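Engineer: So the protein lines, in turn, are chains A and B. Using the numbering used here, you'd call the opening residue of the first sequence number 19 and step up by one each time. Using the numbering used here, you'd call the opening residue of the second sequence number 19 and step up by one each time.
Where hints are given, some of them may not hold.
Identical copies carry no separate label here, and so any pair may be met within one copy or between two of them.
[Claimed, not checked] Here are the computed lysine to aspartate or glutamate pairs in the DMTMM-like style, where the Cα-Cα straight-line distance is at most 25 Å:
(1) Lys43 <-> Glu76
(2) Lys43 <-> Glu182
(3) Lys82 <-> Glu142
(4) Lys70 <-> Asp42
(5) Lys141 <-> Asp24
The hints are simulated quantities; they were obtained by calculation from the structure and are not laboratory data. Everything numeric in this text was worked out from a predicted model, so none of it was measured.
Number of protein chains: 2
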Amino acid sequence: MVNKIDSRTLRDMSYGLYILTSHDKDYLNGQIINSIIQVTSSPVRLAATINKKNLTHELISKSKVFAVSTLDNSTPKSFFQLFGFMSGRDVDKLAKVRHKEGISGCPVILENALSAIEASVFKEVDLGTHTVFIGNVIASEVFGKGRSLTYRYYQEALNGRISENAPTYIPA
Amino acid sequence: MVNKIDSRTLRDMSYGLYILTSHDKDYLNGQIINSIIQVTSSPVRLAATINKKNLTHELISKSKVFAVSTLDNSTPKSFFQLFGFMSGRDVDKLAKVRHKEGISGCPVILENALSAIEASVFKEVDLGTHTVFIGNVIASEVFGKGRSLTYRYYQEALNGRISENAPTYIPA
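Input sequences plus hints: build the corresponding full structure.
Structural biologist: Quick look at the structure:
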């Protein structure tokens, strides 16, 4: 039924790039995410798609909350290395960056972040390899003025790689 | 429970801009959409969030298929007027633009489009005002080389307005 998909059609699509965090009591973690969008405006709700292999998936499944930080264009490549290509099972990522505790209990990143939104999950959609977590926005905060980093900028200007766990991963 | 949301945090998020089409036999329609993303890579699946008030919502609910075209940066403002601010209940939008019939039966737009993807819906998530349609990709085609239009470019360079039906609509 499925014809061969021309990967250019998928690469043509546009995304932002964010850090998504969650927690299990005192256990904190976060990861890079591009697959998060606003899905309704009244009330304001976000949908975040996460790979089941990721520790952050495990934490959100338990705590039912997440925080998302929009990254600034000037975010250094080392940040993506830490949050995109290391697992919280091996490294305490949050020990390496400035953050504060949000009202959801999730760590809210204070480095390279323009703003942050916290959400409480009310629906989970199982898509096999990934889950779509849909949450009501419960808090929001602006930290700085700047330009949001896009997925395209990350790939073109920073020559950034894509994790195999990303919903938008395209095999070579 | 919900604190006041700082709308800047929502405006900081990034999106592409696309035409999404569907059909009910010979009845064709399409609309502008920014809230569409890839949600899994194996198999390749897309999630499109549509307002229940829109005719395209009615068509996808019946036909269970949709096509999405990624727009080129050079798309003229008149195109957004037609697909973003007119209803297919009043105007035959597809009569005004070049298109062809895709393998899903959906019209595939041939003007201002870099590429197109067709999908077959297998899951619908009801979010009150909007539905998230999740579809398996069944076809894809590349038409031209160019730069994908972003939601930000539409707002900043084209001074484009946002429809009240968009999931990312923010009241003034």
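Engineer: Does each hint hold? Answer for all of them.
Structural biologist: Here's how the hints hold up against the structure:
no., hint, verdict
1, Lys43 <-> Glu76, "within (13 Å within a copy, 44 Å between copies)"
2, Lys43 <-> Glu182, "neither (28 Å within a copy, 39 Å between copies)"
3, Lys82 <-> Glu142, "both (10 Å within a copy, 21 Å between copies)"
4, Lys70 <-> Asp42, "within (16 Å within a copy, 36 Å between copies)"
5, Lys141 <-> Asp24, "between (32 Å within a copy, 23 Å between copies)"
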